[in-house]
Amino acid sequence: MNKKTRGNNVVSAVWNLAHPIANALELDLWDVKFVKEGPEYYLRIFIDSDSKITLDDCEKMSRAIDKPLDELDPIVQNYCLEVCSPGINRELSRDEHLEKFIGHKIIVRLIRPFDDGTKELICVLEAFNKNEITVSCCDNCNGFCDSSKELCILRKNIAFIKLDDFDD
Numbered sequence: 001m002n003k004k005t006r007g008n009n010v011v012s013a014v015w016n017l018a019h020p021i022a023n024a025l026e027l028d029l030w031d032v033k034f035v036k037e038g039p040e041y042y043l044r045i046f047i048d049s050d051s052k053i054t055l056d057d058c059e060k061m062s063r064a065i066d067k068p069l070d071e072l073d074p075i076v077q078n079y080c081l082e083v084c085s086p087g088i089n090r091e092l093s094r095d096e097h098l099e100k101f102i103g104h105k106i107i108v109r110l111i112r113p114f115d116d117g118t119k120e121l122i123c124v125l126e127a128f129n130k131n132e133i134t135v136s137c138c139d140n141c142n143g144f145c146d147s148s149k150e151l152c153i154l155r156k157n158i159a160f161i162k163l164d165d166f167d168d
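For the sequence shown, the numbering used here assigns the number 1 to the initial residue and increments by one for each residue that follows.
Warning: the hint list may mix true and false statements.
As the list claims (entries may be wrong) - 27 Å max Cα-Cα, derived DSSO-like pairs, lysine-lysine:
(1) Lys162 x Lys52
(2) Lys130 x Lys105
(3) Lys33 x Lys60
(4) Lys119 x Lys52
(5) Lys100 x Lys33
(6) Lys36 x Lys162
(7) Lys105 x Lys119
(8) Lys119 x Lys156
(9) Lys67 x Lys52
(10) Lys156 x Lys36
(11) Lys130 x Lys119
(12) Lys60 x Lys100
(13) Lys33 x Lys130
(14) Lys100 x Lys156
(15) Lys33 x Lys149
(16) Lys156 x Lys130
(17) Lys130 x Lys149
(18) Lys52 x Lys130
(19) Lys130 x Lys162
(20) Lys119 x Lys36
(21) Lys119 x Lys162
(22) Lys60 x Lys36
(23) Lys119 x Lys149
(24) Lys149 x Lys105
(25) Lys119 x Lys100
(26) Lys100 x Lys149
(27) Lys105 x Lys33
(28) Lys105 x Lys162
(29) Lys149 x Lys162
(30) Lys67 x Lys33
(31) Lys119 x Lys33
(32) Lys60 x Lys105
To be verified - The following label-pair restraints were derived from C-beta to C-beta distances:
(33) Glu96 x Asn9: 40 to 48 Å
(34) Asp70 x Asp116: 49 to 57 Å
(35) Arg63 x Trp15: 17 to 25 Å
(36) Asn78 x Ser49: 25 to 33 Å
(37) Tyr42 x Asp116: 17 to 25 Å
(38) Gly103 x Ser49: 19 to 27 Å
(39) Lys52 x Phe160: 20 to 28 Å
(40) Ala24 x Cys152: 36 to 44 Å
Quick caveat, the hints were computed from the structure, so don't treat them as lab data.
The C-beta atom is built at its ideal place from N, Cα and C for all residues, glycine as well.
Kindly produce the complete structure, drawing on both the sequences and the hints.
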């Protein structure tokens, strides 16, 4: 039994374990989250592929990671393992996600609103770096920019970025 880890270390340990397993199943590892909801802990492994993720894909990944995860034993708490698709309006939390969706419509939720109270923007992702994202505004920019201008938003001020794929 290995030394148990906490929080982000759990995510990192599970990512390192799950990544080659997903690749072997011809799946992409999208994200790993370890969260507490109410009294329960959940380890969520999000998988993706160029085609639709099916329930069979989730089951295969769950079965493939079950024994190696038990052997690694990185989590102190009892938890529920969930393997799932990132789904519609997937969160873009890693640089690889942002790179893949440059030029796509996104939803940006801010930690604190702009002076006019705007806390959520629907815009197009134009570029990013480790400190900020650059977007061209579409809807509800309320004068911050128009469709011909770009807006830079510090990443530290962003609660989340999600793909806005309802129209696609």
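Hints versus structure:
The suggested pairing of Lys162 with Lys52 holds, with an alpha-carbon distance near 18 Å, which does not exceed 27 Å. Our distance criterion of 27 Å between C-alpha atoms is met by Lys130 and Lys105, whose separation comes to about 20 Å. At roughly 19 Å between alpha-carbon atoms, Lys33 and Lys60 fall within 27 Å of each other, so this suggested pair holds. For the proposed pair Lys119 and Lys52, the alpha carbon gap of about 32 Å is over 27 Å, so the pair is violated.
At roughly 20 Å between alpha-carbon atoms, Lys100 and Lys33 fall within 27 Å of each other, so this suggested pair holds. Pair hint Lys36 plus Lys162 holds up; C-alpha atoms about 21 Å apart against a cutoff of 27 Å. Between Lys105 and Lys119 the CA atoms are separated by roughly 17 Å; this keeps the pair inside 27 Å, and the hint holds. Using a Cα cut-off of 27 Å, the hinted pair Lys119 and Lys156 holds, with the two alpha carbons roughly 14 Å apart.
Straight-line distance between C-alpha atoms of Lys67 and Lys52 comes to about 26 Å, which keeps the hinted pair within the 27 Å bound. Taking the CA atoms of Lys156 and Lys36, the gap is near 23 Å; set against the 27 Å cutoff, the hint holds. Pair hint Lys130 plus Lys119 holds up; C-alpha atoms about 21 Å apart against a cutoff of 27 Å. For a cut-off of 27 Å, the pair hint linking Lys60 to Lys100 stands: about 25 Å separates their Cα positions.
With a C-alpha separation of about 21 Å, the suggested pair Lys33 and Lys130 falls inside the 27 Å cut-off, and the hint holds. With a C-alpha separation of about 21 Å, the suggested pair Lys100 and Lys156 falls inside the 27 Å cut-off, and the hint holds. Between Lys33 and Lys149 the CA atoms are separated by roughly 35 Å; this puts the pair beyond 27 Å, and the hint is violated. Restraint check: the Cα-Cα separation between Lys156 and Lys130 comes to about 10 Å, which is no more than 27 Å; the hinted pair holds.
A threshold of 27 Å between alpha carbons decides the hint, and for Lys130 with Lys149 the separation of about 21 Å falls inside it, so the pair holds. Proposed proximity of Lys52 and Lys130 is contradicted: the alpha carbons are some 30 Å apart, above 27 Å. With a CA separation close to 17 Å, the supplied pair Lys130 and Lys162 stays within the 27 Å bound. Between the alpha carbons of Lys119 and Lys36 the distance comes to roughly 25 Å, so the proposed pair stays at or under 27 Å and holds.
Between Lys119 and Lys162 the alpha-carbon distance is near 14 Å, which keeps this suggested pair within the 27 Å criterion. Restraint check for Lys60 and Lys36: satisfied, since their Cα atoms lie roughly 25 Å apart, inside the 27 Å limit. Between Lys119 and Lys149 the CA atoms are separated by roughly 19 Å; this keeps the pair inside 27 Å, and the hint holds. With a CA separation close to 15 Å, the supplied pair Lys149 and Lys105 stays within the 27 Å bound.
Pair hint Lys119 plus Lys100 holds up; C-alpha atoms about 25 Å apart against a cutoff of 27 Å. For the hint pairing Lys100 with Lys149, the CA-to-CA distance comes to about 22 Å; that is within 27 Å, so the pair holds. With a CA separation close to 24 Å, the supplied pair Lys105 and Lys33 stays within the 27 Å bound. Of the pairs offered as hints, the one joining Lys105 and Lys162 holds, with about 9 Å between alpha carbons and a cut-off of 27 Å not exceeded.
Among the hinted pairs, Lys149 with Lys162 is consistent with the structure: their alpha-carbon atoms are about 21 Å apart, no more than 27 Å. Using a Cα cut-off of 27 Å, the hinted pair Lys67 and Lys33 holds, with the two alpha carbons roughly 19 Å apart. Note on Lys119 and Lys33: the hinted pairing holds, with a Cα-Cα distance of about 25 Å set against a maximum of 27 Å. Distance restraint check for Lys60 and Lys105: the Cα-Cα separation of roughly 32 Å exceeds the 27 Å cut-off, and the hinted pair is therefore not satisfied.
At roughly 21 Å, the beta carbons of Glu96 and Asn9 sit outside the given window of 40 to 48 Å. The given range of 49 to 57 Å is respected by Asp70 and Asp116, whose C-beta atoms sit roughly 52 Å from each other. Roughly 19 Å separates the CB atoms of Arg63 and Trp15, a value that falls within the hinted 17 to 25 Å. Under the hint 25 to 33 Å, the C-beta atoms of Asn78 and Ser49, about 30 Å apart, fit the expected range.
The supplied range of 17 to 25 Å is broken by Tyr42 and Asp116, whose beta-carbon atoms lie about 37 Å from each other. Range check, Gly103 to Ser49: Cβ separation about 21 Å, and the 19 to 27 Å hint holds. The supplied range of 20 to 28 Å is met by Lys52 and Phe160, whose beta-carbon atoms lie about 24 Å from each other. Remark: the range hint 36 to 44 Å for Ala24 to Cys152 is upheld by a beta-carbon distance near 40 Å.
In terms of the numbered hints stated before, the structure departs from hints 4, 15, 18, 32, 33 and 37, listed from lowest to highest.
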